[in-house]
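Here the protein sequences come in this chain order: A and B.
Letter by letter, the first sequence follows residues 1448 to 1777 in the working numbering.
Letter by letter, the second sequence follows residues 1448 to 1777 in the working numbering.
Rather than coming from a laboratory, the hints here were simulated on the basis of the structure.
Errors might be hidden in some of the hints.
For chains that are exact copies, the list does not tell them apart, and a pair is met inside one copy or across any two.
Straight-line C-alpha distance at most 27 Å; calculated DSSO-like pairs for lysine-lysine [claimed, not checked]: (1) Lys1775 with Lys1645; (2) Lys1707 with Lys1492; (3) Lys1534 with Lys1668; (4) Lys1707 with Lys1775; (5) Lys1707 with Lys1472; (6) Lys1534 with Lys1645.
There are 2 protein chains.
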Amino acid sequence: MSLMSIRLGIVGYGNLGRGVECAAKRAADMELVAVFTRREPSSVKTLTGVPVYSMEALEDMKNDVDVLVLCGGSANDLPMQTPTLAKDFNVVDSFDTHARIPEHFANVDAAARESGHVAVISVGWDPGLFSLNRALGGAILPDGSDYTFWGRGVSQGHSDAIRRIDGVLDARQYTIPVDSALERVRNGENPTLTTREKHIRECFVVAAEGADLERIENEIKTMPNYFADYDTTVHFISKEELMRDHAGIPHGGTVIRSGKTGIDGQNGHVIEFKLTLDSNPEFTSSVLVAYARAAARLHGEGAVGCKTVLDIAPAYLHPESPDELRRKLL
Amino acid sequence: MSLMSIRLGIVGYGNLGRGVECAAKRAADMELVAVFTRREPSSVKTLTGVPVYSMEALEDMKNDVDVLVLCGGSANDLPMQTPTLAKDFNVVDSFDTHARIPEHFANVDAAARESGHVAVISVGWDPGLFSLNRALGGAILPDGSDYTFWGRGVSQGHSDAIRRIDGVLDARQYTIPVDSALERVRNGENPTLTTREKHIRECFVVAAEGADLERIENEIKTMPNYFADYDTTVHFISKEELMRDHAGIPHGGTVIRSGKTGIDGQNGHVIEFKLTLDSNPEFTSSVLVAYARAAARLHGEGAVGCKTVLDIAPAYLHPESPDELRRKLL
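Okay, chain A solo, but in the shape it has when bound (with noise of 0.2 Å):
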């Protein structure tokens, strides 16, 4: 592993961008080199003052960047630009549509194993840490069962449903796990639950002057996919109550495998990774910072193609040698 800087950039300018701009602050063995945005650069102000530059000069800039931090959304950016860049630079990206992945996967793979790069994508906490833990857990105990909570945190999609809504002028939602099932699971029950039973939606709601705000609250309550199956309370506030209260984005949860072990299966066992986070998009950028230094170190091996967090090993990920994680995490 070199002692030279890994110099980053960063493609997309938003909560993400910025939140991979603060990581690379924090890391000793980074350098931010370029944020490339396809808005007019000249109007993109950085946080730390790093240059700001148009998509197009992503071409003559192949030489200067190690590994481009792709900070665009799952649903119209990482399909296309993902593979598309992985022709010219490592990359790592946070594609999130669990469905979509195995596609992904292919597409990616296809371009950076012709091209030499290393592409991780799917990084983050869920898919990513969460991924790992489930791994992990199944690896270990493979007579049990895994359970999956999130929150109390804002979902952005049920937010914007709710948005939607004829009268509503903003609104907030919580996905908040149901306690006394997350301590059933914790205590090694094992127990069969139902969306209902595993989650509740907390939803903060503004309305215009004068909006049927019964009619609101009952189309929150019903709309199909989003909210039907789930206890869901609604309270309608102001929107200076919504900008003072609720302008964070705090997300989190539990991942936990329950299981058995012994000749008879006489003994249980619950392993849980949980994260409480007070800004998801910043927590989600500090793994993507991990995980381009491991694309930098793997690409300096020789290593290409696709990769996701299954398949690097934790070592990749810190900017301490192998050598001193042994001696003083192991």
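Fit chain B to the given chain A structure using the hints.
Frame of chain A, contents of chain B only:
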């Protein structure tokens, strides 16, 4: 990865060896070939009927075993046994003397490289899964603090120390994390904690008839290294109570990384990994078997030398293929 079974051998048949036997039985891709012991083989009866051989038989079975799981102790067995057996076999051990890991690694690495085998050392939960989580946490949240709490669980070393006191017939010592300290860490307070503030020690002691209980209690509570730095409680109980209520070997613990992100460190995050184990040796054995799978696969790919949990990607541990893992777990 081969569709053929991975053929395991167990070296040493105590609690850990029996745990490996049980774990191998639950792994569809594993076949337990033999147990090797220093005792007279005919005196050892296995749980599943797997054959028992003397250590001398190992020499003739080099082609019959893919991975040897070494179930001896870190003080007297593994420092010699792991490098010696790595000359003829892929091996996995649970060497847990933290301070001597670099030396053990160097010895095992030299032997395994020379012979072209894979040796995975210090596998279990601490060192092991806890180390993995310390590396992950530090890599993702570089501006933060690590905390490890052990228990509630039986400490064999502390129980043995009590048994050496004059007048003590038997004893069991539980290490217990201090709830209030754990809560402060979980809340992201980043406290500086003394030894006494992190754990308490609870002892259940069977004393000889007529022994001076006050002297025994005082000797326990003032014992340097083991108890003097802790708040310790001592309960005198009967042999029958000890057998009835304290026959199990539960353990567990929690690794927490607490850190900050954002341009001014304004957002806090807590990563927690927690184990609650009915049987410490059976869980450790289950981790050993998952890493034995990785050793066999790595050897099949041509890898050589000594590895730890920090050097092995999660996908190697799980029986399903990388394709299946991406589809089901990511």
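Status of the hints after comparison with the structure:
Taking the closest pair of Cα atoms, Lys1775 and Lys1645 come within 27 Å of each other only across two copies (20 Å); inside a single copy the shortest separation is 39 Å, beyond that limit. Taking the shortest alpha-carbon separations for Lys1707 and Lys1492, only the inter-copy value of 23 Å comes in at or below 27 Å, while the best intra-copy value is 54 Å. Proximity of Lys1534 and Lys1668 under a CA criterion of 27 Å is satisfied in neither setting, with 46 Å inside one chain copy and 66 Å between copies. Within a single copy, Lys1707 and Lys1775 get their C-alpha atoms only as close as 32 Å, which misses the 27 Å cut-off; across copies the closest is 21 Å, which meets it.
Only between protomers do Lys1707 and Lys1472 lie at most 27 Å apart by alpha-carbon distance; the minimum there is 12 Å, versus 44 Å within a single protomer. For the identical chains of this complex, Lys1534 and Lys1645 are neighbours neither inside a copy (42 Å) nor across copies (51 Å), given an alpha-carbon limit of 27 Å.
Violated hints, in rising order: 3 and 6; the structure is consistent with all others.
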